[in-house]
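The whole structure should be built from the sequences, with the hints applied where relevant.
Same order as they appear, the protein sequences are chains D and H. Numbered per my numbering, the first sequence spans residues 1 to 464. Numbered per my numbering, the second sequence spans residues 1 to 464.
Take every hint as true, because none was put in to throw you off.
Quick list of in silico lysine-lysine cross-link-like pairs, DSS-like style, CA-CA up to 25 Å:
hint: 1; chain 1: D; residue 1: Lys320; chain 2: H; residue 2: Lys343
hint: 2; chain 1: H; residue 1: Lys343; chain 2: H; residue 2: Lys413
hint: 3; chain 1: H; residue 1: Lys349; chain 2: D; residue 2: Lys320
hint: 4; chain 1: D; residue 1: Lys363; chain 2: D; residue 2: Lys349
hint: 5; chain 1: D; residue 1: Lys414; chain 2: D; residue 2: Lys343
hint: 6; chain 1: H; residue 1: Lys363; chain 2: H; residue 2: Lys343
hint: 7; chain 1: H; residue 1: Lys363; chain 2: D; residue 2: Lys320
hint: 8; chain 1: H; residue 1: Lys414; chain 2: H; residue 2: Lys343
hint: 9; chain 1: D; residue 1: Lys343; chain 2: D; residue 2: Lys413
The set of hints was computed from the structure by calculation and includes no laboratory data. The structure displayed is predicted, hence computed values, not measured ones.
There are 2 protein chains.
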Amino acid sequence: MLDAVLQHLTDDSPHALDRLCQFLSIPSVSTDPAYAADVARAAQWVADTLRDCGLDVAVHRTAGHPIVVGRSPDHAASANSPRVLFYGHYDVQPPDPVELWTTPPFEPTVRDGALFARGASDDKGQIACFFEALRAWKRVHGRLPVPVTALIEGEEECGSIQLQPFVRAHRDALRADIVVVSDTGMWEGPDGRSVAITYGLRGLLYFDVQLHHADRDVHSGVYGGVAANPATTLAAVLGRLFDDRHRVTIPGFYDDLLPISPDERRRWGELGFDEALFLRSVGFTQPFGESGYSTLERRWARPSCDVNGLYGGYGGPGAKTIIPSFAGAKVSFRLAPNQSPAKIAEAFKRWLHSQDVYGCRWKITELGGADPVVVSTDSPYVAAATRAIQRTSGRPPVLIREGATIPIVADFKKTLGVDSLLIGFGLSDDRIHAPNEKFNLDCFALGCRTHAALLEELGAAANR
Amino acid sequence: MLDAVLQHLTDDSPHALDRLCQFLSIPSVSTDPAYAADVARAAQWVADTLRDCGLDVAVHRTAGHPIVVGRSPDHAASANSPRVLFYGHYDVQPPDPVELWTTPPFEPTVRDGALFARGASDDKGQIACFFEALRAWKRVHGRLPVPVTALIEGEEECGSIQLQPFVRAHRDALRADIVVVSDTGMWEGPDGRSVAITYGLRGLLYFDVQLHHADRDVHSGVYGGVAANPATTLAAVLGRLFDDRHRVTIPGFYDDLLPISPDERRRWGELGFDEALFLRSVGFTQPFGESGYSTLERRWARPSCDVNGLYGGYGGPGAKTIIPSFAGAKVSFRLAPNQSPAKIAEAFKRWLHSQDVYGCRWKITELGGADPVVVSTDSPYVAAATRAIQRTSGRPPVLIREGATIPIVADFKKTLGVDSLLIGFGLSDDRIHAPNEKFNLDCFALGCRTHAALLEELGAAANR
Chain D
1 MLDAVLQHLT DDSPHALDRL CQFLSIPSVS TDPAYAADVA RAAQWVADTL
51 RDCGLDVAVH RTAGHPIVVG RSPDHAASAN SPRVLFYGHY DVQPPDPVEL
101 WTTPPFEPTV RDGALFARGA SDDKGQIACF FEALRAWKRV HGRLPVPVTA
151 LIEGEEECGS IQLQPFVRAH RDALRADIVV VSDTGMWEGP DGRSVAITYG
201 LRGLLYFDVQ LHHADRDVHS GVYGGVAANP ATTLAAVLGR LFDDRHRVTI
251 PGFYDDLLPI SPDERRRWGE LGFDEALFLR SVGFTQPFGE SGYSTLERRW
301 ARPSCDVNGL YGGYGGPGAK TIIPSFAGAK VSFRLAPNQS PAKIAEAFKR
351 WLHSQDVYGC RWKITELGGA DPVVVSTDSP YVAAATRAIQ RTSGRPPVLI
401 REGATIPIVA DFKKTLGVDS LLIGFGLSDD RIHAPNEKFN LDCFALGCRT
451 HAALLEELGA AANR
Chain H
1 MLDAVLQHLT DDSPHALDRL CQFLSIPSVS TDPAYAADVA RAAQWVADTL
51 RDCGLDVAVH RTAGHPIVVG RSPDHAASAN SPRVLFYGHY DVQPPDPVEL
101 WTTPPFEPTV RDGALFARGA SDDKGQIACF FEALRAWKRV HGRLPVPVTA
151 LIEGEEECGS IQLQPFVRAH RDALRADIVV VSDTGMWEGP DGRSVAITYG
201 LRGLLYFDVQ LHHADRDVHS GVYGGVAANP ATTLAAVLGR LFDDRHRVTI
251 PGFYDDLLPI SPDERRRWGE LGFDEALFLR SVGFTQPFGE SGYSTLERRW
301 ARPSCDVNGL YGGYGGPGAK TIIPSFAGAK VSFRLAPNQS PAKIAEAFKR
351 WLHSQDVYGC RWKITELGGA DPVVVSTDSP YVAAATRAIQ RTSGRPPVLI
401 REGATIPIVA DFKKTLGVDS LLIGFGLSDD RIHAPNEKFN LDCFALGCRT
451 HAALLEELGA AANR
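Following this line, the structure appears as structure tokens:
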């Protein structure tokens, strides 16, 4: 049955590209309130698309952006088929700095075998693969090989604030046997690309940290050297976040971490990871980080801490001789399996308050956290995915972890008791979160085909 | 002879106020090209006024705004009289935010014993004091007691770019024995206000400092912990600018500094400086700075280093999970007498390049420097000013320094070889650079009288 579906996907690919371009032209930037109407429009686009694939669809209002749930009727597949919950997000990162885009971020453009637009790879292009697989099954066979629930949210890029309570409130409607997520990348090894099954993710903890002092910007001649400058003081505090082994100095930060197993360390060593290429591809000149770990280990299984932005005082052209009334930083942590965001958040705030800031005052805003996750690779679902991937890509999947965060994956486990299969089609040069984001057309095609095959294999898995 | 001049100033004061109001009603905002014609009109007003006081006047065009030079004929005073070069500026700060003004910024209004208008204190009201003194001498005695050159520029509020080359090009025409500047304030001590002679100023050195790494902003999940983050690294470097005694760590930074003499330390201690009020008036909660010095010493005679602004990466609302491709800071130094801006600039750049930045690259831009200045208080000119101030204010002047910078004062010393007397009549609540700027009418009257007396005393000084 799959052959006809795959043939249909090939024949229909120009229309699939048109549909994706339509989706990408909606600037659904979730973090900026100015785009709220566009975000709602993107939710509607997802709802219409899922309905067109034969799903019963509801667009749920939330205190934030809408959550779209589509559900295939229960009679659509055999009674003992597992139900697949597909998760993705229709929101995108802000396009800034817009002037660095070769073509406008919300005018999708094909060149050099890729589609360029904000969200092309993260995550609109990837969820479009799944939509196209549903559509093809529906068009060719009139039904899906396995019952499916699609849960598509609009706040992934701003912390998925609404999603966790939503999943908790709708746990019965969302009940499933396995979750499929397409928001990760392929493995690019020395012998070419392989589809990857990502079995571990880091968590996240994000803060806005401001330090305030004078009630206005004051003249740096009149006041320079006589009271604490919040910009200088903030910089010094941030500098103290790391020791000379480049480990985070917050007490207890490393206490709960799962160690890397000897088996994992061996397997990761055999992946042929090209560290130099990985770093050089974005202009990094040398590896750097926590002492005693390789780049892959630092990225997949060790926590990190980053200043994501600095602001406050004068940042324009030329000179302005002020002591700013405040300065701020975005500070975030990637947490490795078994760190707890709540515990680390408390430890970080306690650490900030323990720093001497000479009369300045903290204003600390927590902007969301997410648990890290690691799942078993020894399951019938991983076996089904392995067969599907072998079928469409001609080679077996590679088992990897990821340094980034998909917060809901931990929530699915906690709330629904269900593991996730993370199978994505992005490439490392897709420039997600950066100007000129793109999604390769061959990755798009492989994604559509693999999701179509995966639906069949997951349906078959229960009957083996 | 002075008595008759002072009497004339008293009798003529309503007309003096009218003239100042006329001057203040010209919106000579130098930094905004939209006001260029008004700036030119203000220059013309100054020229007409100086001519009316008997000076030969030239309005010099420059690449920026005009510079007005007025010169009394050499035969106007006795041959061995010193020539006085008076410096001031006719341009003003922008009036924004206009909506916070009680009366419009360019409609001068008297209330509560003060004249409210943009430029009332900085610097039109203060240079008007000098103009009125010239006028009174001319009206009453037909001549000035000392030869005078007036140099009035129109770019002080936007960097005085044209002034230094102008002074160098006209060094013969501007030759003088002493410079008088009225752009500073009175001393407000526990026993009331005193006219101050400001005999020291700090210099300035200003940098834009950027640290670059990846060639784009990259995903903090994918790259967090594996290469140096320029925002984190810049913060750490800025933090290392100070040691635990809050002294600047740049090697050689303090080498050339003039120490504070025991006599100065004693005199400053007797000034009754209200440190708590000074800090509290802008919302600072506690004194802080280089160990071993008082607030007044830190402000007047010790250098400072400030981060004037931080930028780079994401600084908007909410979270954006990037490692920025670069981060920047405005970093400036107030230099104390005898530090050299060129030498400190070299030392700072060398220090930055000596920091380990793990593959990041510096982009350092120098945005100007100005020498610090300190003049001897043991001179016939200071003695003359002391007598004049005692005569008109009924109390001796207070000898103070200032933490801010007036770059041209050092240039007068370097280019013309001449010291400056800084005698101003502003008050700390004049709100210069802010809405509702004002100049007290009694300060205006005292300024006119003191300049009249100062002209006589300076003339007499050479004959003692």
